[in-house]
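Heads up: the sequence lines are chains A and G, in that order. Those letters in the first sequence? Residues 1 to 686, by the UniProt record's numbering. Those letters in the second sequence? Residues 1 to 686, by the UniProt record's numbering.
By construction, these hints were calculated from the structure, which means they are not laboratory data. One or more of the hints may lead you astray.
The list cannot tell twin chains apart, which means a pair is met if one copy fits it or any two copies do.
Capping the alpha-carbon separation at 25 Å, the derived lysine-lysine pairs in PhoX-like fashion look like this [said to hold, decoys possible]:
(1) K661 <-> K498
(2) K338 <-> K374
(3) K406 <-> K631
(4) K269 <-> K498
(5) K281 <-> K563
2 protein chains.
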Amino acid sequence: MGLVFKVSCKESFCNYHSLTGFTQTLQKMKERAMGTIPADTFALELKQMDGHDAATTAAASERAKWLLSSPNPPAPWQELSSSIKETVCFPAAKNGQPQANRPVLFLQGLFPILKWGRNYKATKFKNDVMAGLTLASLCIPQSIGYANLAKLDPQYGLYTSVVPPLIYALMGSSREIAIGPVAVVSLLLSAMISKLVDPNVDPAAYLRIIFTVTFFTGTFQALFGLFRLGFLIDFLSHAAIVGFMGGAAIVIGLQQLKGLLGLTHFTTKTDVVSVLGAVVKALHEEWYPLNFVLGCSFLIFILTTRFIGRRNKKLFWIPAMAPLFSVILSTLIVYLTKADRHGVKIVKHFKGGLNLSSVHQLNFGGPYVGEAAKIGLICSLIALTEAIAVGRSFASIKGYHLDGNKEMVAMGFMNIVGSLTSCYTATGSFSRTAVNFTAGCETVVSNIVMAITVLISLLLFTRLLYYTPLAILASIILSALPGLIDVNAAYNIWKVDKLDFVVCLGAFFGVLFGSVEIGLLVAVGISFGKIILSSIKPSTEVLGNLPGTDIFCNTVQYPMATKLPGISIFRINSATLCFANANFIRERILKWVADDMEETTKGGIRVMILDMTNVMNIDTSGIHAMEELHKELISQGIELAVANPRWQVISKMKVAKLVDKIGSGWIFFSVADAVDASLHLKMNSC
Amino acid sequence: MGLVFKVSCKESFCNYHSLTGFTQTLQKMKERAMGTIPADTFALELKQMDGHDAATTAAASERAKWLLSSPNPPAPWQELSSSIKETVCFPAAKNGQPQANRPVLFLQGLFPILKWGRNYKATKFKNDVMAGLTLASLCIPQSIGYANLAKLDPQYGLYTSVVPPLIYALMGSSREIAIGPVAVVSLLLSAMISKLVDPNVDPAAYLRIIFTVTFFTGTFQALFGLFRLGFLIDFLSHAAIVGFMGGAAIVIGLQQLKGLLGLTHFTTKTDVVSVLGAVVKALHEEWYPLNFVLGCSFLIFILTTRFIGRRNKKLFWIPAMAPLFSVILSTLIVYLTKADRHGVKIVKHFKGGLNLSSVHQLNFGGPYVGEAAKIGLICSLIALTEAIAVGRSFASIKGYHLDGNKEMVAMGFMNIVGSLTSCYTATGSFSRTAVNFTAGCETVVSNIVMAITVLISLLLFTRLLYYTPLAILASIILSALPGLIDVNAAYNIWKVDKLDFVVCLGAFFGVLFGSVEIGLLVAVGISFGKIILSSIKPSTEVLGNLPGTDIFCNTVQYPMATKLPGISIFRINSATLCFANANFIRERILKWVADDMEETTKGGIRVMILDMTNVMNIDTSGIHAMEELHKELISQGIELAVANPRWQVISKMKVAKLVDKIGSGWIFFSVADAVDASLHLKMNSC
């Protein structure tokens with residue numbers, strides 16, 4: 001039967017011009033081979049099919065004309081200027097709006113409070129006050145703890161919970177975000193600035209660099225927003241953030257061993273090996289078990305309240321109040337039992353009162369100004385990444401859109417003003433934003449309420465915090481860490497994209513065993529390496545015809561797609577055919593053609609169709625490679641047909657005279673058109 | 001009339017399910033609006049068209065099923081291992097060949113001379129001898145000149161024209177390439193090694209580093225070949241090479257001012273500013289006009305003979321012999337006139353005889369071994385780039401293919417052996433290969449003839465070269481430079497691809513005003529920056545239907561493509577939807593949708609079709625962005641349809657449950673299918 005089929009195939013090879021004709025013929029031939037139709041009917045039917053596709057051919061050549069005569073694509077400088085216009089400039093006011101309103105609109109854009117403030121109602125205010133008070137009760141102990149993590153006196157944490165939230169309330173557009181110091185940024189600052197100045201040796205110089213870095217952070221953030229460079233924070237991919245946050249959480253947790261064990265001397269390094277080494281060394285010297293007992297009991301208490309809060313959503317205020325309650329209770333215990341005389345470390349230094357101006361402390365001329373700018377850049381990106389991720393996820397729950405660039409401007413100004421008023425870098429906190437949301441906040445007014453509450457406690461209650469044990473601060477920070485380790489997200493990344501998981505692991509282990517910067521560098525490096533690698537070694541695929549259609553697709557992915565005799569179709573799966581991949585693609589295609597030649601015994605390939613649908617751009621090396629490919633194919637007696645070259649590609653092929661070399665008759669609008677023409681050629685050469 | 005059309009459009013909006021139906025309906029509606037068909041005929045025709053496309057819908061849903069149930073794509077490690085297999089391993093022997101022949105085939109693969117040597121004939125030998133002698137006459141003066149450029153004694157240039165060509169003759173597969181020292185590599189070596197050791201202060205140490213670098217160069221080249229890393233040389237794009245060669249030629253030319261002006265002291269830097277500064281300074285001190293007169297007259301002589309050779313191709317031997325003739329004549333003149341006593345600088349040091357072993361001079365423990373390895377890496381890439389470009393262009397003229405990886409192994413071994421026998425880095429020379437080809441060489445035997453001729457002159461005639469003036473060597477090098485400055489190629493690059501021209505200029509000015517390494521770094525940096533930039537900000541396009549077909553294409557490139565009412569179609573023109581571009585693309589699509597909403601007054605968009613034909617891969621950030629896009633569109637009452645997600649994309653969408661979120665009914669095999677389904681939906685909702 002195979003023989004019969006082959007013979008009839010040879011006989012009728014000339015009877016089709018077009019793909020439709022071909023598939024129909026193939027069907028008829030199969031029927032003939034199976035013996036279901038008699039020979040004379042077969043011949044008659046083939047005759048009928050023949051010739052009724054002249055219209056198709058005419059349409060195809062018309063389309064090829066459109067392709068070849070399409071206007072020039074925009075020049076690179078036009079693309080550049082439109083891209084700059086699109087990203088850098090402020091979006092122009094809509095045309096329909098009256099001129100007079102523009103300044104008002106501009107102000108409303110800069111200060112969203114002017115817009116929503118006019119519709120603000122008493123019921124909303126009630127909810128905001130409740131949320132703000134809950135927020136403050138969580139914020140005060142956390143701020144003190146994070147200041148401790150940043151190796152600053154506790155009042156700086158509280159300052160940072162006063163000024164930045166107020167500025168953000170005026171300029172920000174998120175309704176739920178809770179502004180203040182956060183764990184990761186505090187770690188970043190202490191880890192990187194400790195390398196420049198030891199805070200134990202020269203706390204004043206350390207503080208000056210902290211403020212300078214905060215100023216740089218704010219400036220970078222505001223500039224990113226003003227120049228609409230929001231895409232910069234995208235360079236930290238989701239996977240990198242998950243890995244980085246997980247690693248940072250473990251590093252922060254290890255740092256808390258100092259407070260939890262009541263150690264006096266500790267390493268300034270952040271990597272696991274150094275920290276564990278320091279702990280082991282300290283355990284052999286002197287440590288105070290009372291600190292550990294105190295810290296652990298309150299940690300268990302806080303975690304228990306959180307468990308209760310999760311089981312019953314209405315009791316959300318219990319975990320929110322637990323840290324403040326722990327602070328008050330433990331302070332009372334220490335005060336009453338005089339435990340500080342038995343080795344329990346306490347806060348001691350706590351300057352109350354309003355925060356002072358720190359304008360004179362900014363330092364732009366010292367030896368560390370370059371380093372400070374670098375740290376400011378890293379902090380600005382990390383802080384923005386966290387804040388915008390938090391803001392966006394809650395905005396999408398409530399169903400409104402958050403403009404990343406506007407948020408950046410707001411964050412930038414709040415940090416600039418913060419750096420002038422004794423605050424360190426603030427951003428949106430994951431854990432407190434969730435509490436704010438659960439507590440039913442309506443607008444950013446809850447931040448104002450929180451700021452005022454913190455301010456009042458700064459004025460009135462700071463003296464009471466003298467006896468607060470450091471172990472409690474450590475346990476409060478520790479209790480906030482599990483939220484940063486997102487095992488589920490890591491598992492999902494593993495499931496979806498193995499290479500992304502490598503990025504995640506790179507960031508995680510980089511932070512854990514190297515340093516914060518190394519973790520970030522590794523993650524960004526692997527991420528961009530992936531992009532370059534996929535450009536250097538792009539995939540290519542052999543296409544086959546999907547029966548009954550003029551669709552061509554990957555023969556491996558769709559086993560039902562059939563190859564056409566005498567025609568090889570290849571698709572280049574790369575957005576650019578350039579120096580880095582042109583030779584690789586050329587050689588792979590030639591290898592495939594050679595393989596195909598071996599497979600097809602009779603005659604081999606006559607036409608090689610190159611589907612360039614995916615190739616958006618080509619450079620001179622790509623043009624050279626195509627020229628070479630054409631030459632080498634012709635020398636083997638194979639015609640090269642180019643299907644669907646895109647706008648930039650066809651225009652460059654025209655300029656480089658490649659169209660003339662290949663022959664404009666061999667350039668087609670689609671693979672189907674190219675196949676039709678090849679079959680036609682085959683018929684004519686029969 | 002516009003009104004009539006609108007009304008009838010509204011009336012018949014529900015009458016089509018499929019694209020064919022739609023386009024036919026549109027045609028009919030136009031005819032009706034023009035008044036060419038009466039109202040009742042119009043209604044009847046619409047009725048007839050309706051419903052005859054149930055089969056189309058069934059086929060489309062069948063295709064969507066194929067898409068959703070396609071097998072899993074190969075896992076990353078499978079891709080990795082197959083890619084390693086493809087690139088790293090030696091291609092396995094063909095199955096059909098008998099086992100016994102394999103060692104023979106392997107040896108023939110390693111030493112091609114075993115293959116063609118058996119069919120070598122006397123007529124071929126005659127041609128090869130003629131070509132080899134012509135080559136030697138050009139090679140001797142050039143080798144001495146390039147050794148001078150590399151700041152080595154002249155005999156090392158001649159050594160390098162003996163050993164490497166012999167090794168290459170055994171292992172190489174190019175028939176035309178002429179092996180020996182070349183200008184650019186000589187410049188590279190002297191420029192980079194002079195920074196480590198000053199050749200005037202410690203020539204022995206300089207020589208040791210030269211041999212060590214040559215050894216590293218050979219080792220890297222052989223390893224690249226053995227591990228099939230041929231693609232590494234592609235990282236220097238065509239544009240980068242054109243710019244680099246042009247810049248290097250000018251730098252080499254400027255270096256010749258030392259010999260041409262007879263200067264004793266000269267800068268070791270290579271950038272234009274330093275060199276011109278040194279020349280101006282030297283002109284104020286002491287220089288000998290006789291050198292200049294001698295050098296310039298012979299330069300004019302050589303260039304004149306070249307002009308003659310170009311006009312009459314048969315006289316090719318005149319320009320080939322001119323340098324040797326110049327050397328002999330000028331040496332005689334100096335010897336007879338005793339011009340060396342009047343300031344004409346002469347070669348003087350010229351050790352004749354066979355080259356000695358330099359095994360003991362290789363230095364792998366010194367302080368410069370790391371630097372030597374780095375220089376070796378750069379040299380290996382530059383040397384391979386030049387050799388393979390030369391070899392390939394002549395192979396393609398003669399119509400045979402050159403295996404880049406095999407060539408690399410041959411070049412590697414010839415340099416390793418060279419470094420052990422007092423040779424410095426050799427590669428294929430542009431100018432001499434052209435002479436070899438024009439002189440009618442048949443095989444690589446011409447290289448053997450050349451090597452033997454050079455060897456004989458080393459043994460017999462070196463003493464005669466004592467009085468050769470240095471100015472002549474300078475003029476011989478200068479005369480070879482115009483071939484390196486390819487203004488035509490630069491102009492073509494400018495015409496075809498403006499960004500590539502920037503790469504070219506970067507390399508050119510980098511070499512000219514910085515140094516050789518800076519030029520290379522700038523060129524490679526810009527080249528890869530281009531790839532990353534196009535991934536960060538990929539283009540996106542709005543698609544319209546090409547009348548009368550089910551093809552959808554860019555509405556800007558093809559103005560005849562029409563948008564469909566109520567349906568927006570976007571195509572992402574990026575090979576990957578990843579962290580770096582996912583948010584950018586999401587925001588741009590949302591902006592377009594918002595613009596479209598404003599344009600279409602009635603109802604606006606109902607379905608947004610995302611054509612993912614070009615997106616080969618997606619990462620977790622990309623999946624997130626699609627989820628967000630879907631959410632935001634749904635909140636605006638718009639359905640998201642995904643057309644033609646590729647293999648990796650659909651499999652990741654399935655794993656990430658994105659298919660369930662979007663709904664498997666909204667994922668289509670092609671844009672045409674998606675449009676059909678959308679029109680169907682529209683009809684049902686009417």
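(request) Could you check the structure against the hints above and give me the numbers of any it violates, in ascending order? (result) 2, 4 and 5
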